[in-house]
Each structure stands twice: as structure tokens, then as C-alpha cells.
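Going down the list, the protein sequences come from chains S and H. My numbering runs 132 ahead of the 1-based position in the first sequence. My numbering runs 132 ahead of the 1-based position in the second sequence.
Because the hints were derived from the structure by calculation, they are not lab data. These numbers come from a predicted model, not from an experiment. Be aware that one or more of the hints could be misleading.
When chains are identical, the list treats them as one kind, so a pair holds in a single copy or across two.
Once the Cα atoms are required to be at most 27 angstroms apart in a straight line, the calculated DSSO-like pairs of lysine-lysine come out as [stated by the list, open to error]: (1) K159 / K390; (2) K457 / K396; (3) K370 / K346; (4) K393 / K348; (5) K520 / K346; (6) K519 / K342; (7) K396 / K519; (8) K457 / K513; (9) K513 / K281; (10) K520 / K462; (11) K346 / K159; (12) K346 / K513; (13) K513 / K462; (14) K513 / K492; (15) K462 / K519; (16) K342 / K159; (17) K303 / K370; (18) K518 / K159.
There are 2 protein chains.
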Amino acid sequence: MCEIFSFLIALASIFFFSKIFGEFALKFGQSVIIGELVAGIIIGPSFLGIVSKTQILSSISELGAIILLFEVGLSTNIEKFLKAGGWALVVAFVGVIIPYFFGYFIFLYFGGLTNIQAIFAGAVLTATSVGITARVFMDLQFLETEEAKIVLGAAVIDDVIGLVILAVVSKLIIGGTITFGTILSISGTAVLFLILSIIIGVLIVQIFFKLILKMKQQHVTLIMGIVFCLILSALSIKVRLAPIVGAFVAGLVLSTIKQEKEIKEKIEPIYAFFVPIFFVTMGINVDINVFNPFVVSNREILVLVGVLFVVAFIGKILSGFVVLKKNINKLLVGISMVPRGEVGLIFAGIGLQNNVFNAKNYSALIAVIMLTTFVTPIILKSLISKKKNDSIII
Amino acid sequence: MCEIFSFLIALASIFFFSKIFGEFALKFGQSVIIGELVAGIIIGPSFLGIVSKTQILSSISELGAIILLFEVGLSTNIEKFLKAGGWALVVAFVGVIIPYFFGYFIFLYFGGLTNIQAIFAGAVLTATSVGITARVFMDLQFLETEEAKIVLGAAVIDDVIGLVILAVVSKLIIGGTITFGTILSISGTAVLFLILSIIIGVLIVQIFFKLILKMKQQHVTLIMGIVFCLILSALSIKVRLAPIVGAFVAGLVLSTIKQEKEIKEKIEPIYAFFVPIFFVTMGINVDINVFNPFVVSNREILVLVGVLFVVAFIGKILSGFVVLKKNINKLLVGISMVPRGEVGLIFAGIGLQNNVFNAKNYSALIAVIMLTTFVTPIILKSLISKKKNDSIII
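Here chain S stands alone, though its shape is the one from the complex (with noise of 0.2 angstroms):
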């Protein structure tokens, strides 16, 4: 009974404070993200210490982050991908290769990590989160810009890259050595993964809910739907990618179905349920006394952060640049895509669950995800605002 008592205590508590915390970030125009990261930071163990890791709350968390992919999948429009043309895939290829090096460059000569360790921490800085920069152009009323449309695209787009890399960096966790061979037979399964079970899947789904068509319970689409992401999330781990490259296919898949409309409406209470638990235990997970800069040895760590935000941030502002497009504000373009988010996080959480980071490193690296988010709302009303100034003078 006692430890009902506590799980029950603890999902009122992130619950709880996830909405007040979410409210004061909307209300200093940050993402409701931070406000989670922030009252998962407060309500755990390295502040007020009323909610503790535990094996259930975990689970639930990880369950958390497949809901989130799954919906991200749902979201994301496979002609849409086409639209955004050649120039999103530039932007985010880009976007994706120059943090990603930096970063292992920086994290193995200078963040003292192994190999293996820096490669996956650069996996961490390489996808930005489509959720963050979409409702600040949603806000500022962007959204049908030029701009905006080869943003959302490239932001999709390196997620899918970021899923790859992850996959990749996954095996090679388990396997350990490292050559141009194993990379490229590592990163040729995941691609035949994804490839396949789309294909597969979609001709699965066309039929298999044609068929449920008939039955007459109710949520029988929205039950069916969770049961593909689920099955497709187990897969994932048996060919040894993470379960959300499974969620976020199977979301995709689902996306072309005609009661896409159905789950997509139905499944947002449970997003509203499973994911503000993914984000409050990713906060719970941080050791806010590394950042204590009265500790010498605490010191390093903040050194570390600021260099690795600083190409966290330059990266993803070059990829604007390969834009050699007209009318374009390629500064804007790179701006909009140095948010980190969800994606990131998970990749984190991957690192600290399979002993790959410390408590240092991944504090470090949440760290530098919630500046790269703080810091983008704020220039990017101020570049938007200009720029809709400009024009009106022209």
C-alpha cells in the first residue's frame, strides 16, 4: 500500500507542478518544455526531493517519450517533406553535421569523454525541435513564410537524421569497435529498418483498418493505432534501435490512413497524461549541484557548457547559410533551427540509462538543450519584428 501511496503522490506532484511551471514559462515567453525541465529540477532529488527516480516512474517516462514521437510522426506529412524542397534538406544536413562534430571534437578533447561517449554526446546537439520554433512562428503569425516552410522542413528532416545517428550510436554502444565498415552496415540496417517497416506498414494499415471499420467498440481506432506504435517500439529494439524510432515510423505510417484525424484528436489527452511525465523526469534526472560554480572541480563543467552552447549555436546558424536563395534572411533561417528539444532530450536519456554519460555530462548537456531554448524565442521576435518592419518601409 505504501508504494501506491508514493507513485500516487509522485504523478500528482509532477503533474502539479509541471502546469505551474509551464504557466511561468508562457508567461516570460519561454516553451512550456523549460517549465517542466525546471519543476522536474525542483521537485527532485537535488532540490525539494519529493519525487525520487523509481523503476515504474521510468517506464511511464519512457512510455512518455513514445507517445511523443509517435505524435510527431502523426504530424509530420510525408508530401510535406517534398514541398519543403531541396534547400530544408541543405539546412538541415548541415544543421545536423557541424554541431555533431564539433561537439565529439570538443567533448573528446576536452570533456575528457571516451570515444564512444563523445559520439553519442554529439548525437545530443544535432536535431532541433520542430515543437519549439513552430510556436513561435505559430505566435507571430510566420508560419506561411518562406522561411518558415524551409525551417519546419529541415526540423523534420534532421529529426529523422537524428533517429539514424541514434541508431547507429545505439549499436555501437553494444558492439565497441569502430570502423568505416561497422558504420556503414550500422546506419545501412537502421535505413533498411525505416524503410522497410514504412513500406510495410503502410500496406499493413490499409487494410487492418479498413477491417476494424466494422467493429463496434468504442476508441477502436485510437486503442489499434497505439497497438501498431507499441509493436513497431518493441521491434525498433530488437534490431537494436531506440523504441521511439519504432513510435515515430509508426506514427508516420498511421498518418496516411483516413481515421488519421481520429487518433491524431483522440491521443492528445494522453500526450497531455504521458508526455509533461517524459519531460518532468528528464528534470528530475538533472544533478543541479554540478552547476555550483563554488566548487573548483564544478568549474570545468561550466566551461563546458558555454563552449558547447556556443556550437550548439554557431552550427545551426551556418546551416542557414547554405541557403543561396533570394529574399531569404538566412540569419533568421539559422536562428530558428538552434532550439533543442524533445529529440534531444531523449538522446540524453538514452546516454545516462545505458551508462554512457555521468551525472556531469548529462547535466551538462540538458544544460546546454535549455539555453539553446531559452536564448531562440527571444532573438527570433526580434528578428521577425524587424523584418516585418522592413517590408512594410519597402
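Based on these hints, arrange chain H on the given structure of chain S.
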């Protein structure tokens, strides 16, 4: 990684088979709950063995019971209680007392149970399932009749009586000795907790949910409603009541606020996610082997199931005959009260968890509950169509 793999597969199997067998149940005019229980028996260790009992599954299933009772509370209108009138109250009390005491004595003298075990087992037989009866009435367009109002009123009231009995009984498990004084003090505490949490709760939510109206995040009302439910559930544990008691009260209290409809609408997909997990898990816990009639030692269990079923059946039918009102089909009222469901299953589950029951007693009780649910719709349909024919002739 392996642990999360089996967790995902377990969830997928539970969802998939619950929908498949739920659909079969509907096809054969049965309640979906029966389908979910059968799904659990089939995928559980006593049959296919796809899903086994784990700590995380039992925690999530407990959360399912909490959300189920929260929803029952939300759907229980305090005004309708009063409108159902005195007869509903009488029917409820008689329908609780007769099966309870007969069940108690049969378990004590023929079932080989101890005093406390028998008290608990009697409680399992008390509460009518509002869901199943309401569903049959709805299907046959019988909801607006005098009989239906009495039955639905009584079914809700005996849920509340059942929860009070559970409160008393749960305390007895921990205590031990039973005198009339202890029973009185325990029921006193339980009733006091119910009354106080309703009164204080209503005051708190009126103010709190006005305050959060200003919050801009999505689903704030839903999540804060769940927070309130979780806190009251945890509080119930602190005063040694079952968490579902608090969940029910939370629902009842929240049914008085303006945003009630929003919470009820949005809780639906969450209900669709968690509640089947609860029922399927109930089925997973059933040991089907104890019903094998070729094993001699099992025959007493089959006899016990038979006797208990007769008691459970006749006890509720008698409750219909206390309605001393003209133009009321007393047999119809009685039969309508026969199906046991959610609350009985929850009681049985709590009994199993606290080692009040062994696998045999537990499985016998589940069998009785399932039998009451199997037979009622069949008898009820013929009674209602006979009554409709009669009134046409007149």
C-alpha cells in the same frame, strides 16, 4: 532494454486482445467487460502465457481502477440521487444486505474461509454494475421508465454502500479483532472521511478551478482534475481506505464545477487507455485451472461458485420485491440489479493483493461476477420485450 521490450509487448497484447474479445462479447450480446476479462484469462499465465504479472502492470492497472472510479464519480449526479427517491435507497440496502450476509455465511461455513476472509468475500458480492444494466436499458430504449430510474438510482447508491463496506473491511484486515464497537468506529471514520472530503473538496475546487481558468496552457483543467483525483486517492490510503474511494469522491466533487463537461470529455481517451488494462489484468490473475472438473479437489470450488451464484442472483431479485409501488415490474427491477462488475472486481483484486484470498477463492469470485453478467442481459431482454408486448395489448 529487455525489460522495456516485454513491457511494450505486454501493453500491446492487452490492448489488442481486449478489443478483439470485447468485440466478440458485443456480438454475443454481452458486456465489453466480459470480453476484457476473457482476454486476460487467455493471454495470462493460465492459458497462452503471453503476459505475466509484473509490478509495473499491477501499478498501471491500479491506476486504471482509480480512473474508472473517478469517471463513475464524475457521472454520478448528486441531484439524481435525490430524484431516484426512497425506493432506490430501499432497493439498494436490501440488495446489499441479503447477498452480503448469505455470501458471508456460505464462505465461512462451506468455503473454509476465516471470519475476515468471509467478510471480505461477502463484500465482493454487494455492488451492482451500473454500466451493464444502463447499457441494456439504453439498447432497448427503456431508460425513461419508472423501473429504470429506481434501478439506476439503487445501483449508484449500492456503489457508495459498497465503498463504505470496503473501507470497513480494509481496516479489519490490518486490525484483526472484530467487535460491534470497532465496526461502528470504522464505518464512522469512513463515512466521516467521505462527508468531510466532499464538503471541503467542493469548497476547494470551486475556488481553485476558478483560479486556473486564467492559465493559458492546454488541458490544464483535465490535468488539474487528475491531480485532485490522485491526491484524494492518496489521502484515502493515509486514512486506511482504498484509493478508489478517494477517486470516486474526487469525481463526485468535480461533477459540481463548471468545467465538469470538459474534464469528462477529455478523460475519455485516458479512460480508454487505462481501464481495459485493469480488466484484462483481473483476467490475467484468474487461475483457470481451478475450474478443471477432472481434478477432484476442484469440485468443491465449482460447487462453491454455483452456490454463491444462486445467492448473488436471488439476493438481488428479492431486493426488487421490496418496492411496494403500483405498476412496477418487481421482477424486472430485481433482475436489473443482478450484474456485478467493476466494483466487485476491484474488491476481489484488493483481496488478492492483500493475501485475504488465495488464487482459488479469487478465481471463484471472478467466476461468480462473470456469471451474473452473462445471464442478466439475456433474461432482461426477454422481460422487457414481454412488458412492452403486454402494454401494447392493454
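**Item:** Structure versus earlier hints, numbers of those that do not hold, lowest first
**Value:** 2, 3, 5, 6, 7, 14
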